[in-house]
Each structure stands twice: as structure tokens, then as C-alpha cells.
Amino acid sequence: MDSEAKHRVVVSILWAAALLTLGVLAYIIALVLVKGLPVVTPAFLLESPQAMGRAGGIFPTIVGTIALTIVAVLIATPLGVGTAIYLTEYTYENRLTRVIRFGAECLAGIPSIIYGLFGFIFFVIKLKLGWSVLSGGLTLAVMILPTIMRTAEEAIKAVPVSYREASFGAGAGRWQTVTRAVLPSALPGIVTGIVLSVGRSVGETAAVIFTAGSSLHIPTSVFSPTRTMAVHFYILAREGLSMERAYGTAAVLIILILAINTVANGLVLRFQARGG
Amino acid sequence: MRFLSSDQFIRRALLVSALSSVAMLALIAIFIFAEGTPVMLRRGIGEFLLGTRWAPTKESFGILPMIVASVCVTLGAMVIAVPLGVACAVFLAEIAPRRVANFVRPAIQLLAGIPSVVFGFVGIVVLVPLIREYLGGPGLSVLAASIILGIMVLPTLISIAEDAIMAVPRTYKEGALALGCTHSQAIRRVILPAARGGIIAAIILGMGRAVGETMAVIMVIGNAVKIPHSPLDPARTLTSNIALEMGYAAGEHQEALFATGVVLFVFIMILNSLASVKLAPTRR
Amino acid sequence: MRQHPTVAGLPANRRLVVEVLCFGLIAGPVLYGLIGCARGGRAGLVLAGSTSVQPIAELVAEHYEIDYPGRSVSVQGGGSSAGVRATQEGTAAIGMSSRNLKPEEQGLNTILVAQDAIVLIVHPSNPVRALTREQARGVFTGQIRDWSELGGADRPITVITREEGSGTRGAFEEMVMEKQDFSVDALVQDSTGTVRAIVASDPNGIGYISFGMVNDEVVPMAIDGVMPSRGTVASREYTLARPFLFLTKGQPLPEAQQFIDYMLGDKGQGLVEQEGYIPVKERAR
Numbered sequence: 001m002d003s004e005a006k007h008r009v010v011v012s013i014l015w016a017a018a019l020l021t022l023g024v025l026a027y028i029i030a031l032v033l034v035k036g037l038p039v040v041t042p043a044f045l046l047e048s049p050q051a052m053g054r055a056g057g058i059f060p061t062i063v064g065t066i067a068l069t070i071v072a073v074l075i076a077t078p079l080g081v082g083t084a085i086y087l088t089e090y091t092y093e094n095r096l097t098r099v100i101r102f103g104a105e106c107l108a109g110i111p112s113i114i115y116g117l118f119g120f121i122f123f124v125i126k127l128k129l130g131w132s133v134l135s136g137g138l139t140l141a142v143m144i145l146p147t148i149m150r151t152a153e154e155a156i157k158a159v160p161v162s163y164r165e166a167s168f169g170a171g172a173g174r175w176q177t178v179t180r181a182v183l184p185s186a187l188p189g190i191v192t193g194i195v196l197s198v199g200r201s202v203g204e205t206a207a208v209i210f211t212a213g214s215s216l217h218i219p220t221s222v223f224s225p226t227r228t229m230a231v232h233f234y235i236l237a238r239e240g241l242s243m244e245r246a247y248g249t250a251a252v253l254i255i256l257i258l259a260i261n262t263v264a265n266g267l268v269l270r271f272q273a274r275g276g
Numbered sequence: 277m278r279f280l281s282s283d284q285f286i287r288r289a290l291l292v293s294a295l296s297s298v299a300m301l302a303l304i305a306i307f308i309f310a311e312g313t314p315v316m317l318r319r320g321i322g323e324f325l326l327g328t329r330w331a332p333t334k335e336s337f338g339i340l341p342m343i344v345a346s347v348c349v350t351l352g353a354m355v356i357a358v359p360l361g362v363a364c365a366v367f368l369a370e371i372a373p374r375r376v377a378n379f380v381r382p383a384i385q386l387l388a389g390i391p392s393v394v395f396g397f398v399g400i401v402v403l404v405p406l407i408r409e410y411l412g413g414p415g416l417s418v419l420a421a422s423i424i425l426g427i428m429v430l431p432t433l434i435s436i437a438e439d440a441i442m443a444v445p446r447t448y449k450e451g452a453l454a455l456g457c458t459h460s461q462a463i464r465r466v467i468l469p470a471a472r473g474g475i476i477a478a479i480i481l482g483m484g485r486a487v488g489e490t491m492a493v494i495m496v497i498g499n500a501v502k503i504p505h506s507p508l509d510p511a512r513t514l515t516s517n518i519a520l521e522m523g524y525a526a527g528e529h530q531e532a533l534f535a536t537g538v539v540l541f542v543f544i545m546i547l548n549s550l551a552s553v554k555l556a557p558t559r560r
Numbered sequence: 561m562r563q564h565p566t567v568a569g570l571p572a573n574r575r576l577v578v579e580v581l582c583f584g585l586i587a588g589p590v591l592y593g594l595i596g597c598a599r600g601g602r603a604g605l606v607l608a609g610s611t612s613v614q615p616i617a618e619l620v621a622e623h624y625e626i627d628y629p630g631r632s633v634s635v636q637g638g639g640s641s642a643g644v645r646a647t648q649e650g651t652a653a654i655g656m657s658s659r660n661l662k663p664e665e666q667g668l669n670t671i672l673v674a675q676d677a678i679v680l681i682v683h684p685s686n687p688v689r690a691l692t693r694e695q696a697r698g699v700f701t702g703q704i705r706d707w708s709e710l711g712g713a714d715r716p717i718t719v720i721t722r723e724e725g726s727g728t729r730g731a732f733e734e735m736v737m738e739k740q741d742f743s744v745d746a747l748v749q750d751s752t753g754t755v756r757a758i759v760a761s762d763p764n765g766i767g768y769i770s771f772g773m774v775n776d777e778v779v780p781m782a783i784d785g786v787m788p789s790r791g792t793v794a795s796r797e798y799t800l801a802r803p804f805l806f807l808t809k810g811q812p813l814p815e816a817q818q819f820i821d822y823m824l825g826d827k828g829q830g831l832v833e834q835e836g837y838i839p840v841k842e843r844a845r
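Protein chains in written order, with the working numbering: chain A, 1 to 276; chain B, 277 to 560; chain C, 561 to 845.
In case anyone wonders, no lab produced these hints; they're calculated from the structure. Check the hints yourself; a few may be wrong.
[What the hints assert, rightly or not] Result set (SDA-like, lysine to any residue): computed pairs, CA atoms no more than 20 Å apart in a straight line:
(1) Lys827(C) / Arg705(C)
(2) Lys6(A) / Ala372(B)
(3) Lys334(B) / Lys739(C)
(4) Lys449(B) / Ile75(A)
(5) Lys334(B) / Gly785(C)
(6) Lys126(A) / Lys502(B)
(7) Lys6(A) / Phe309(B)
(8) Lys126(A) / Ala299(B)
(9) Lys662(C) / Phe309(B)
(10) Lys662(C) / Glu335(B)
(11) Lys334(B) / Met735(C)
(12) Lys6(A) / Leu295(B)
(13) Lys449(B) / His459(B)
(14) Lys502(B) / Met735(C)
(15) Lys6(A) / Cys457(B)
(16) Lys554(B) / Lys6(A)
On a predicted model such as this, the values are computed, not experimentally measured, just so you know.
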């Protein structure tokens, strides 16, 4: 076979690979949406489950998911972004900052079940917080903290030095420089990191079951146990309680994550367009 | 208000937040090691890592079957993800028209957003019965876990590999083409070797992701505590072991689970170091 | 100062859109969550433990909350051993166990709330419907590996068992295994629901689940000649019977005691019977 023909074969193979990957994705999403969307009515989204989920809706799990995510983000974001700002703007690059960075990278890669194990033993039992939004939120916060630190740091570092120099040249103090010259440009990158972490927390199951519990009541305080949509899906599917509602929960979950991903991608495109 | 915006105050506030973050992260690392190492030392690291019997109620803590299962499942996942992933990365970087690439790239990243329990569920409902009927065995097997994990790892692998390929200077490719290569010859002989470091890093990071996956694996792998002899055998990975037993493990059993966590931690640390070494040349 | 291309630099209408979107994205879920919390109940009694006891406990809890509005009961799984542990640690006010406590699990109050049995199940297509206790032991230890050894088809047996912390497994070990180990080839699942689902889809499968959880997806087997039924379980003719226990650490708090009384009362025991378990009163003579 001559080279041109070989090249065409190679191109076909590469197209096939891409189509196969997309095909798998499409299959999974289609499977869940086709079986799940018919179940997703306004009633499904607003009612509470009955008979442990065999009937009724998934409202408490939606509240639980949002509550856990908010707690996790509220804790991890100031800490993560603050750390990133401090490491890049207020200190010099030295051994300590490299160690911290390596530590954050490692911890970002640790399996989430280990965070779950830690959260269960430390928050639920040792600190006596019990199965609660707080235990779950703290565990998720620790889980997403390394990622937020890393993406914030990369976003801040990507802001050209000239921005800072111009700001100092105009007489601004360091904090003014950070808030007016650096952060606005780094913001899309930082927000992308947060949004991606949110996507990860929403889908998290192992760490959440053992720390937030699996109660079907709407949580009234951060000390109440709660069940997230991912956990609810897992329990419904596993116990065979209601396959339709399992698919329905999965459909809501996937649509939510698709929305989160789209927002993140939109931000990434804006970030790149700015030359960051 | 002057006080609140004074640089000193801000600096201290940021320092506090930095210290808190570091403290939180250190807490986890220290906690895991503190809970996990004593039992490894007490029972002998060799016996722990190489013992073939895991029977906590009978004081037997050998995790070799789990290590083998994790390794097999990860390698199996890579067998699927590497060819497919590198091909997709090459496709996105070199072959696809820009419009197509801008559509395919986010679409593949969507795969990364699907929760692992959904993957596991699709595995149980679709893949396991297929394996059981056409290949034999109970269906819940290393093979099922490998396939599901391979798919889950694809987005990570593709995105890092694509970055590596795009980072190869254009002059390499232009030089090859000027010398008369076809596009695919240029890819195979010039671009891929030049991107090799980044692609290997992509594979390593993909492996790290595969090793750490829990929920999808628990649902399709069968969780039998034995060393798998064939891809159709059920097995139990390190992560599934922790998830299955952490609810009720107490005393030494709990310490053994933390020790498993230590093993995973160390393994990820090694993988991460390898990956940064490989990625360094291609980083801007 | 030179205008940097920041959010501040966007044309006014685009900036407005971005800001409204961001505000909406954040405010929306927060409001939704707050409204949701305002509508809900309050953190109340926590039960944790056996996944076999869980369904009936959840059902009784649901009725309890209707009869006593304002009370809230959350039921968690995890397995009997996890329930023992949660009760000891104080994470749960009431633990649930589907086996008797082991000698080393001291210091807890046990309250019998229902009687249940362990039933061996197989796929509907499986012709083997009866085993002796020795045969059952042989299957689950891995000594008997093929259905043909039991009079069935020439197919390998797929053994499914529960995780170590399961009360069902503990009870099964006590009554059938006689200190022998489960086969290392046995698939391990952490809930009755999954065991049942696997047996329902695998023609070679065999597992053991709670009597009250048997449905028409799977077929129960006779042990030593006796088919499990309400009558045979209550009279102990079917020998693999085991208790459903509530566990408390010391004297239960008033709220916990109220739920326990409800469980043992007519309403609770009525539900026990309705779901296929044996009420406490119907004991063997």
C-alpha cells in the first residue's frame, strides 16, 4: 500500500476512535435520559419520597445535594484562593512553597474513598458531628481544597507580570493590585476550578454516604443527616426499590452536571480568549 | 475601614488562610499515616503487603489479593484507554477540523462529569450480563471493571495527551512534511516521539485515576477476596475493600483499612512524581 | 491608568448579562436550599445498622412520623456490626442488628422487635429447590462447586455472600457454616437487595437473604426438607430463624423509648406482619 493510501487508513482509524468514544458517551447519556426523563415531572422534583423512594419525588435529595455543595464551597474557596494568593503574591518561590504545591497535587489525586474514611472517623465519630451536612460538607471541602488551590494558583500565575507592574507603577498597594489588577483577570480560571470541583462533589457517593448519611428528611440545620442525589440513585438502583425513579434521579443528576460543565467550558473559553 | 484594608492586616489574613489550608491537608495525611502505619509495623510490612489472606475477623491482614486486583484492573483499563485515548488525542490535535474539534473536545470532557455510580450502574445493567452470557463466569469480573474504568479514564488521558501533542513545535511537523512525509508519517515518526513525555504523563495520571475509583468498581467486580486468575474472575480492589468494610471495622481492622489507605497514598505519590518528571519539559 | 481587559472593561450590556447570570447561579440554589430547609422537619432520632432490619424500620418510621407529627426518625444502613459500633460510639441512638450479639460486643441493651429467617435463594430457572444443611455448607465453603452435584444442570455454582459486618452473614455463619470459612470464590455484596438482584439475573447463582425480602424474582429453597413460610418460621420448624434487634446504650432517651414502644405496639407489629416478618408475640412454644 502506498503512503497516501496508508495515510487515509490512519485517518479513518483516528476518526473511528473519536466516534467510538463519542458513541460510548452518547450511549450512556441516552440510556439514562431516555429511561429517566419521562419520570422527571415537576412533582418528581418537588415532592418527598414515599415508601423509601419507591414512590414520590426526590426533593430532599436535591436540597441535600445543594446544601452539601454550598457548605463545601463556602469552606474551601476562601481557604484555597487565599492560599493561592498568598503563595504567589506575598511570598517568594522557595522550598516551602514547592512542598505545599506537591502536597496539594498529591492530595488532589487521593481516592475519594480515603477522604470518606477520614471524614467518617474524624468528623462523624471523633468530633461527634454525627452523620450531618456539616460532616459531609467538611469532608467534601477537604477533598476539593487541593484542586481549588491548584487552579487558583495557575490562574493567578497566568496573569502577565506587566499588569502588576503597571499597577504598582500607578502607586497601588499590594492588596489593591491583587484585587484590581490580578484577580479580575484570574477570575475565570479560579471560577472554573470551583465549578469543576462542584461538579465532582455533586457526583461523589462513597465519601458522602459515610459522612452525610442517607436520611430522606429535608435537612433543617447543618447538623441534620441528609441524602444527596448521587447517594439516592445508588441506593435506589442497588436495592431495586424503583428502577424508574433511579433512572429519573440519574437523569436529573446528569443534566445538572451537564449544566455545570457547560458553564465551566464557557468560562475556559473566555479565559483562553483573553490570552490567559 | 482604613484598618480593614491595611496591607498588614490583609497579609496576616491571607497567611492565616494559607496556614489553615496547609493544616487541613497535613491533617489528613498525618491522620492516615498515624492510623495506618502502626498495624503495618506490628504485623510486618512484608506480611501485610504480601499476605494472601484477608480475614479480619480471624486476625489475618494480607492485602496481596487486593493489590493484584487493583493492578490487574488498572492495567486492563489502560489497555483500553491508551490506544483509544491517544488516537483521540491525535485526532483532536492533528486531524479534526477546528469546528469538529471544538465540538468533540467538550463532549469528551462531559464523560468526565458523569458520576461514577452511573457508570457502575450501566456496567451492571448492560456489561455484566453480556460478559456472563457470551464469555462465561459470573459476569461480575475484572474484565467488567477494566472496561468501565477504561472509559472513565479516557477524558483525563485525552486532554493531557492532546496538550502534549499540541506543545510539539510546529517546525518539527513542517520539517517532516517538507521532507516528503505524509501527514500520518509525520505524526508517527516525528510528532508522537516528540510528545512522548507528555503522553506518558497522561497515561500515568490516568492510572492514578483508575486506581482510585471506588463506586463503579464495587458494583461490577464481584468483590471476592481472592487473586484473580483470569479476567473473568471476580476480585476485590484496594478501594472496594475500604468501602465495603469501613462501616463496621473497629480496632485493628480499622487500622488495617487505614494502612490500605497508606499504600494507596504512597502509590499515588509515586505516580504523581513520575508524571511531573515527565511533564516538566512540556510545561510552558 | 491603561484599561485592562477585565470584567470592568466589557461593554455595559454584556457585563450586565454576565453579572445577572452569576448572581442567579448563586442566589438560585441558595434560595432553593433555604426554602427547602424551612419546609423540612428537624434532626431527630438516628437509627443505624442491619440492612435487613432497615426496610421494616424505615416503614415503621414513616408511619411513626405520620402519627406523631414533629418527630423525625432517620434510618441508616451499614450492616449489623456497623450498627453495634454506631450505638457504642453514640453516633446512633438506636442500633439495628439481625443477629445475636457476639460475646465481645458487651454493654448494650437488646430489644427483640421482630423475628425473621434466613432463606437460601436461587434463580427461577434452577431446578434444584431443596438442600440439606450439610449441602448448604458444602456449597458456601466451596466444596460443592457444580450444580450437577446437587441434581441440577452441569453448570458451576456462583456463590454470593454478604460482607463480614452483615448480621445476615453472621447469623448464617452461626447456623450453617459451623466455623468453616466461606469460599474465596464467593462474590461479596453489601446489601440484601444486591444479593437478590444478582441471583435474579444469574441462572447459576445462589445466595441467602432475609425471609421478608424474598420476592418473585427469586425462588426460596427448602432446608432439611422444610420450606420457609410464616408458619414454619414462627414454629421454628424452619430452623434458620434469627432475631431482629434494636440496640441501645444503657437506658434509651425518651424519644428513643417512644419509638421503641411504637415498634413493639400494635401499629409497629402490624407492619412487621404485613411485610412478611414474624411479630414478636408469635414465638415457638
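Q. Does Cys457(B) lie within 20 Å of Lys6(A) when you go C-alpha to C-alpha?
A. Since the Cα atoms of Lys6(A) and Cys457(B) sit roughly 12 Å apart, the hinted pair holds (cutoff 20 Å).
Q) Does Phe309(B) lie within 20 Å of Lys6(A) when you go C-alpha to C-alpha? A) Not satisfied, since the Cα-Cα distance of roughly 54 Å exceeds 20 Å.
Q) Regarding the pair Lys334(B) and Lys739(C), is the alpha-carbon distance no greater than 20 Å? A) holds (11 Å)
Q: Please work out if Lys6(A) and Leu295(B) have their alpha carbons no farther apart than 20 Å.
A: violated (58 Å)
Q | 20 Å Cα cutoff - pair Lys449(B), Ile75(A) | A | violated (47 Å)
Q. Is the straight-line distance between the alpha-carbon of Lys449(B) and that of His459(B) 20 Å or less?
A. holds (8 Å)
Q) Does Glu335(B) lie within 20 Å of Lys662(C) when you go C-alpha to C-alpha? A) holds (16 Å)
Q: Quickly compare the C-alpha distance for Lys827(C) and Arg705(C) to 20 Å and report which way the hint goes.
A: violated (46 Å)
Q) Going straight from one Cα to the other, do Lys334(B) and Gly785(C) come out at no more than 20 Å? A) The hint is violated at about 33 Å.
**Q.** Distance restraint between Lys662(C) and Phe309(B), which requires alpha-carbon spacing of 20 Å or less
**A.** Answer violated: Lys662(C) to Phe309(B) is near 31 Å, above 20 Å.
Q. CA of Lys502(B) to CA of Met735(C), is that 20 Å or under?
A. Between Lys502(B) and Met735(C) the Cα gap is close to 25 Å, so the pair fails against 20 Å, i.e. violated.
Q. Holds or violated: are the alpha carbons of Lys554(B) and Lys6(A) at most 20 Å from each other?
A. The given pair, whose Cα atoms are some 31 Å apart, is violated under the 20 Å limit.
The structure fails to meet hints 1, 4, 5, 6, 7, 9, 12, 14, 16 from the earlier list, while all remaining hints are met.
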